[in-house]
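Q: In the order they appear, the protein sequences are chains A and B. Position one of the first sequence corresponds to residue 1 (our numbering), numbered consecutively onward. Position one of the second sequence corresponds to residue 1001 (our numbering), numbered consecutively onward.
By construction, these hints were calculated from the structure, which means they are not laboratory data. Treat the hints with care, since some could be wrong.
What the hints assert, rightly or not - Below, computed lysine-lysine pairings styled on BS3-like, alpha-carbon distance capped at 30 Å:
1. B:K1041 to A:K75
2. A:K68 to B:K1075
3. A:K41 to B:K1068
4. B:K1112 to A:K112
5. A:K41 to B:K1075
6. A:K131 to A:K41
Keep in mind the model is a prediction, meaning the values are calculated, not measured.
Protein chains: 2
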Amino acid sequence: MSQFTLDPQLGADSLPLLELDLCTLRVMNDATYPWILMVPKQAGLAELIDLSIEDQHRLTDEIRVVSKALQAVTKCDKLNVAALGNMVRQLHIHVIARFEGDAAWPGPVWGKVPAVAYDEMDGNALIADMKRAIMAEL
Amino acid sequence: MSQFTLDPQLGADSLPLLELDLCTLRVMNDATYPWILMVPKQAGLAELIDLSIEDQHRLTDEIRVVSKALQAVTKCDKLNVAALGNMVRQLHIHVIARFEGDAAWPGPVWGKVPAVAYDEMDGNALIADMKRAIMAEL
């Protein structure tokens, strides 16, 4: 099996957050929504069902940890969890904190408004808060 | 705990497909995309993390069965799997067969083009094919 490397587009759109056993975690560099990207570190995956059954359960566990942390950090009104991958085929899972009245509410976030990069202090603050919250859930 | 009842909006937008242990399965009544709706049959759920950990794993298993069946029936280019729920809060999971060049490609399906109801023969054919394919995966 070839080695995992993060898709360059996913890398360009996001900031490093944390490594879990299965997934590398990134923060989407879009200050419009607190938005975590989870990428299982295995080469050649496109669909959730490309993972082994055991790894599908591990992914479910990691999605739970990230979801609870994001909910705790942001006090969001709703979580959106999705594996789409129509544009970037490397398997990746979006976990997004949604607020009533946010820029895309109540629609999905994709393609609604252009991404607004974090200023460094805000990006670092979210990353630090999420690291702490994820550690507390592990 | 109060009893589960399907959200009226979800019910109006979809056709009954099959009962699994955890989820009731429905076909979205939109001939534009082969689109399965999975609704865990427990009252008061809004988020994936509202399910017990055991039921999160059961849901993962049922999503796998539905995904494989939908892929087998449609020979789609990509699966989209998502739990959004910004409009209808009752927890529901979308499993959608996507094709390069479909009406929303490569964007997400939600809110792109108005739903086109199945004519009865086509709707029944998809339901019959999906039932057979799901049984084969169980």
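Q: Are the hints correct? Go through all of them and say.
A: These are the hints, each one checked on the structure:
Of the pairs offered as hints, the one joining K1041 of chain B and K75 of chain A holds, with about 26 Å between alpha carbons and a cut-off of 30 Å not exceeded. A C-alpha spacing of about 35 Å is found between K68 of chain A and K1075 of chain B, which places the hinted pair above 30 Å, so the restraint is violated. For the given pair, K41 of chain A sits about 22 Å from K1068 of chain B by alpha-carbon distance, which is consistent with the 30 Å threshold. For the hint pairing K1112 of chain B with K112 of chain A, the CA-to-CA distance comes to about 12 Å; that is within 30 Å, so the pair holds.
Restraint check for K41 of chain A and K1075 of chain B: satisfied, since their Cα atoms lie roughly 26 Å apart, inside the 30 Å limit. A distance of roughly 19 Å separates the Cα atoms of K131 of chain A and K41 of chain A; the hinted pair therefore holds under the 30 Å criterion.
Checked against the numbered hints above, the structure breaks only hint 2 and satisfies the rest.
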